[in-house]
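Enquirer: Produce the complete structure using the sequences and hints provided.
These are the residues of each chain, in order.
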Amino acid sequence: AQSVTQPDIHITVSEGASLELRCNYSYGATPYLFWYVQSPGQGLQLLLKYFSGDTLVQGIKGFEAEFKRSQSSFNLRKPSVHWSDAAEYFCAVGPPPLSNFGNEKLTFGTGTRLTIIP
Amino acid sequence: EAGVAQSPRYKIIEKRQSVAFWCNPISGHATLYWYQQILGQGPKLLIQFQNNGVVDDSQLPKDRFSAERLKGVDSTLKIQPAKLEDSAVYLCASSLDASGTQYFGPGTRLTVL
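Protein chains in written order, with the numbering used here: chain A, 1 to 118; chain B, 119 to 231.
If you are wondering where the hints come from, they were derived from the structure by calculation, not from laboratory data. For each residue, glycine too, the CB sits at the ideal point set by N, CA and C. Any given hint could turn out to be false.
Pair by pair, the computed Cβ-Cβ distance ranges are [stated by the list, open to error]:
{"#": "1", "chain 1": "A", "residue 1": "Pro40", "chain 2": "B", "residue 2": "Ala120", "range": "21 to 27 Å"}
{"#": "2", "chain 1": "A", "residue 1": "Gly62", "chain 2": "B", "residue 2": "Gln159", "range": "24 to 30 Å"}
{"#": "3", "chain 1": "A", "residue 1": "Leu56", "chain 2": "B", "residue 2": "Leu202", "range": "41 to 47 Å"}
{"#": "4", "chain 1": "B", "residue 1": "Asn170", "chain 2": "A", "residue 2": "Pro7", "range": "38 to 44 Å"}
{"#": "5", "chain 1": "A", "residue 1": "Pro7", "chain 2": "B", "residue 2": "Glu186", "range": "35 to 41 Å"}
{"#": "6", "chain 1": "B", "residue 1": "Asn170", "chain 2": "A", "residue 2": "Leu56", "range": "38 to 44 Å"}
{"#": "7", "chain 1": "B", "residue 1": "Lys201", "chain 2": "A", "residue 2": "Pro79", "range": "44 to 50 Å"}
Listed next, the stretches of chain B that the computed footprint assigns to chain A, with coverage defined by at least 3 CB atoms under 8 Å from CB atoms of chain A [claimed, not checked]:
{"#": "8", "region": "158-172"}
{"#": "9", "region": "222-231"}
With a cut-off of at most 30 Å between alpha-carbon atoms, the simulated DSS-like pairs for lysine-lysine come out as follows [said to hold, decoys possible]:
{"#": "10", "chain 1": "A", "residue 1": "Lys61", "chain 2": "B", "residue 2": "Lys180"}
{"#": "11", "chain 1": "B", "residue 1": "Lys129", "chain 2": "B", "residue 2": "Lys201"}
{"#": "12", "chain 1": "A", "residue 1": "Lys49", "chain 2": "B", "residue 2": "Lys162"}
{"#": "13", "chain 1": "B", "residue 1": "Lys129", "chain 2": "B", "residue 2": "Lys162"}
{"#": "14", "chain 1": "A", "residue 1": "Lys68", "chain 2": "B", "residue 2": "Lys162"}
{"#": "15", "chain 1": "B", "residue 1": "Lys189", "chain 2": "B", "residue 2": "Lys162"}
{"#": "16", "chain 1": "B", "residue 1": "Lys133", "chain 2": "B", "residue 2": "Lys180"}
{"#": "17", "chain 1": "B", "residue 1": "Lys162", "chain 2": "B", "residue 2": "Lys180"}
Expert: Structure follows, in structure tokens:
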């Protein structure tokens, strides 16, 4: 069964510092990977996604993620965080596009809460 | 382009009462999802519709939860009767098709007292 692990429940970084949020996945085939962000009281907003091609993916708000098949990881990075980046971040894995994996669903990790120190 | 709309945004009820949530997906999106997000956890899929048919409801507690998507557009999720453990945020999402990127609404925060 597919699964996602986000080992860091809570991370605190200073404004302007770099950020890396970890995500490890388990999936039987080529995974379709996502990072979503959830601000307090809001729904989930898609930051970026990866299925194939360049393993370094650029997303919105200056975020990027790198797919490493050998490590089953899809870590999210940002070179310099802003106070507005404080939120909950979710990694997710799902079936590939145009697949017939009708019984497979988008599976989320438990999230990493990011706090920014001024 | 308008996003996924949900109402109400907040609801407080007592246990054993019933409650209903409404979702209007992005125009043209054939697939609609309802998720339950308990505090401190990631969203968990409750039910997935493709147009007005159910694709996956394996994690829906069918003894108390029901959902419908008449005419393949709007959807309602109902809980009857509610239990304390149903306190959560209920998220609706939609995608162009079953394998497309999912776009989420703002959610409905349910508190069961």
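Enquirer: Does each hint hold? Answer for all of them.
Expert: Hint by hint, here is what the structure shows:
A beta carbon spacing of about 23 Å between Pro40 of chain A and Ala120 of chain B agrees with the range 21 to 27 Å that was offered as a hint. Our hint of 24 to 30 Å for Gly62 of chain A and Gln159 of chain B holds, since their Cβ atoms are close to 27 Å apart. At about 45 Å, the CB distance of Leu56 of chain A to Leu202 of chain B agrees with the hint of 41 to 47 Å. The hint said 38 to 44 Å for the Cβ distance between Asn170 of chain B and Pro7 of chain A, and at roughly 40 Å that hint holds.
In this structure the supplied range 35 to 41 Å holds for Pro7 of chain A paired with Glu186 of chain B, their Cβ-Cβ distance being about 39 Å. For the pair Asn170 of chain B and Leu56 of chain A, the supplied restraint of 38 to 44 Å holds, since their beta-carbon distance comes to about 40 Å. Range check, Lys201 of chain B to Pro79 of chain A: about 46 Å between beta-carbon atoms, so the 44 to 50 Å window is met. Remark: the region 158-172 of chain B is confirmed as covered by chain A, as 7 of its residues place a Cβ nearer than 8 Å to a Cβ of that chain, reaching the required three.
Given a C-beta distance limit of less than 8 Å, the hint that chain A covers the region 222-231 of chain B holds, as 5 residues qualify and 3 suffice. Between Lys61 of chain A and Lys180 of chain B the CA atoms are separated by roughly 40 Å; this puts the pair beyond 30 Å, and the hint is violated. For the hint linking Lys129 of chain B to Lys201 of chain B, the alpha-carbon distance of about 14 Å falls within 30 Å, and the restraint holds. Simply put, Lys49 of chain A and Lys162 of chain B have alpha-carbon atoms about 19 Å apart, close enough for the 30 Å limit, and the pair holds.
With a C-alpha separation of about 20 Å, the suggested pair Lys129 of chain B and Lys162 of chain B falls inside the 30 Å cut-off, and the hint holds. As the CA atoms of Lys68 of chain A and Lys162 of chain B are separated by approximately 26 Å, the hinted pair is consistent with the 30 Å bound. A C-alpha spacing of about 25 Å is found between Lys189 of chain B and Lys162 of chain B, which places the hinted pair at or below 30 Å, so the restraint holds. The straight-line distance between the Cα atoms of Lys133 of chain B and Lys180 of chain B is roughly 17 Å, inside the 30 Å bound, and the hint therefore holds.
At roughly 15 Å between alpha-carbon atoms, Lys162 of chain B and Lys180 of chain B fall within 30 Å of each other, so this suggested pair holds.
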